[in-house]
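Chemist: Here are the chains, one letter per residue:
2 protein chains.
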Amino acid sequence: MGSQPKLRIVVDAMGGDHAPANEVSGAVQALRAAQNAFEIILVGREESILTELRKHSVEGLSYSVVNAKDVITIEDSPTAALKQKRDSSLGVGMRLHQEGKADAFVSAGNTGAVLSASTLILGRVRGVSRPTIGTPFPSEKGVCLLLDAGTNVDCRPQHLYEFGVMGSIYFSKMFHKDKPTVALLNVGEERTKGNELVLEARKLFEASTLNFIGNVEGRDILKSTADVVVCDGFVGNIVLKFGESVPGFLKSRLTGVARRGLLKKLLIGMAKSSLKAALSDMDPNEHGGVPVLGVNGVSIIGHGSSTPHGIKNMILKAAEVAKIQLNKHIEAALALVPDISGASRISKAV
Amino acid sequence: MGSQPKLRIVVDAMGGDHAPANEVSGAVQALRAAQNAFEIILVGREESILTELRKHSVEGLSYSVVNAKDVITIEDSPTAALKQKRDSSLGVGMRLHQEGKADAFVSAGNTGAVLSASTLILGRVRGVSRPTIGTPFPSEKGVCLLLDAGTNVDCRPQHLYEFGVMGSIYFSKMFHKDKPTVALLNVGEERTKGNELVLEARKLFEASTLNFIGNVEGRDILKSTADVVVCDGFVGNIVLKFGESVPGFLKSRLTGVARRGLLKKLLIGMAKSSLKAALSDMDPNEHGGVPVLGVNGVSIIGHGSSTPHGIKNMILKAAEVAKIQLNKHIEAALALVPDISGASRISKAV
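In the order they appear, the protein sequences are chains A and B.
So the working numbering is basically just the index in the first sequence, starting at one, shifted up by 535.
So the working numbering is basically just the index in the second sequence, starting at one, shifted up by 535.
So that you can see chain A by itself, here it is in the shape it has in the complex:
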């Protein structure tokens, strides 16, 4: 194995809710953690970034700063913002990646805008109709990757199939598991169950080389029944957000129980901290964001509320994803699929 050139990772320094403070701080943490194994390009308002950098001891760290005067906020309409704010940190940073001046891109900004920029600027991998993002759910035995997590709210069977292929490859590379199990999210396990979309999609999955195990239900996501669970982005987004709301709900319920005097406050405090420990891997700051699958590049999207620790993990994730060359595998897998005739017939019917 020859020595490889250092990876260059763009960080959208103006992305998150606490930008650029958390972005700069996270970048510094990432470089220290990785011992300068990669180079970070901080893109955004130069002056603000330099102000933040002065708060850290950055000597010897491999970073650079690229100025971009516009900022796309969470209120901006994704596609309009990309056109109107030509000099945004998102646009400038993504173009650096597209032009080959960087190997990966990371942002905790407006998710829709990052998705649009990833698709529009980087372009799609050959064979991919719709780029997607998955979300890792904690499960009894590890992780369940659910996708699409909200990118594509109206899907055709072929789209679900592609999500399955991309999810399977991502899971196998990231979690080092050959032939991960893939399932369709459905209202029952039986072959006859489901809405029109899933019933048609099932035929594609069955004719594929995926390790397809059939349908799983909502209750299976947290149970490790399948490694990769496929659904349209409408369903995926709703399940994801429901899941994210569970810890807050439990906290509120436990507080309510304490108030009713059924249990002492001390016990509730203990229950809450046990819960927190039990659910630590549901914290988006831990899992380090999710890659946009199916675009010609490495684009990692994180939560707007990412802490410096969360940004650090996103950058480490970007370095990891850049190394595994997902896209080569995705292109090969989608080229190999034999049963495209069935797929296109179905697409028209739905």
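For the record, the hints were derived by calculation from the structure and aren't laboratory data.
Since the model is a prediction, treat every value here as computed from it, not as a measurement.
It is possible that part of the hints are untrue.
[Said to hold, decoys possible] A few chain B residues that face chain A, going by a derived Cβ cut-off under 10 Å, partial list only: (1) Glu675; (2) Glu731; (3) Ile756.
[Claimed, not checked] A few chain A residues that face chain B, going by a derived Cβ cut-off under 10 Å, partial list only: (4) Ser651; (5) Phe710; (6) His711; (7) Val770; (8) Phe777.
We put the beta carbon where it would ideally sit given N, CA and C, even for glycine.
Got chain A sorted already, so can you dock chain B onto it with the hints?
Modeler: Just chain B now, with coordinates in the frame of chain A:
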């Protein structure tokens, strides 16, 4: 207020996983709790029912037994079973209700079969295209009624609108709240967000007399953002089953934490019991099943695993629902809606 005739409630004695033991025991509990305020008709294999009855002290309780020799099991195909097993407890019991010999029907049996029997034997309320079932989610300030919970996996905008009307009426009568808030489950709050179905349905909701507050997201279900949340049955079923799996997942996680020695087992036990107290109203045995909304009668469906306590609560729920005359209100509300022209145009387009 004149004295009303005693309500007669049919109990499908062969319905649940532990039938007829739990059904008979639950019926006895219900009659005692209600001090014979209603009459219970136990339908099923007479001999088995009588055997169970002998285990209880039933003197003075107002019940009768109607024989039905067939039993529809959880493995049966819903519609086929209704035709093939002509003399099933489900069919015989539902027909008693349809013929006016009973005022309500309760079953913890095969959900699909109970739904089919309710629609086929009782018929639909005027104006209802698709009967539906909702499910109550616990929420920070009380209850959130989510519907459709799995009855209709492929929906048109008009169906969602009808679910909204039925849910709103049910919520207002059961929880004594005028004009409950109604929302569409969606991937974002903005008007422009959503899949085709929800975008079209929103127009109907906006033109209606419902207290429609717009879109809510998956995270809002447990947050009491809206009283009634409307979605298609595919989404609803997946969210429902995901939610049902949360307590088991937490238990498994807490056990894992204990095993890793991060916290003493004692603390985990405390955490588990606090959680159990905090989530007690998620127990289906507590909320007493759900009514099939939009059929000409009162049909209550419960969990197959219902305990005697759960069956008792289903019977009490049936008595409550029979009194509030939901269907009169549903028919009136659906007759009053002005914007049917828009609705039918949309139905064709989707």
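Chemist: Please verify that hint: A:Val770, Cβ, nearest Cβ of chain B, below 10 Å or not.
Modeler: 6 Å, holds
Chemist: Just to be careful: measuring from the Cβ of A:Phe777 to every Cβ in chain B, is the smallest value less than 10 Å?
Modeler: Where the cut-off is 10 Å and the nearest Cβ of chain B is about 4 Å from A:Phe777, the hint holds.
Chemist: A closest beta-carbon separation below 10 Å is what the hint needs, so does B:Ile756 meet it against chain A?
Modeler: 6 Å, holds
Chemist: Would the hint on A:Phe710 stand, with a C-beta cut-off of 10 Å toward chain B?
Modeler: Violated - the Cβ of A:Phe710 stays beyond 10 Å from chain B, reaching only about 18 Å at its closest.
Chemist: Verify the interface restraint on B:Glu675: the C-beta must sit less than 10 Å from at least one C-beta of chain A.
Modeler: OK, holds: B:Glu675 within 10 Å of chain A, min 5 Å.
Chemist: Would you check whether A:Ser651 satisfies its interface hint, that is, whether its CB is within less than 10 Å of any CB in chain B?
Modeler: 14 Å, violated
Chemist: Given B:Glu731 was flagged as interface, is its beta-carbon under 10 Å from a beta-carbon of chain A?
Modeler: 6 Å, holds
Chemist: Please verify that hint: A:His711, Cβ, nearest Cβ of chain B, below 10 Å or not.
Modeler: 21 Å, violated
In this structure, the hints that do not hold are numbers 4, 5 and 6, in rising order.
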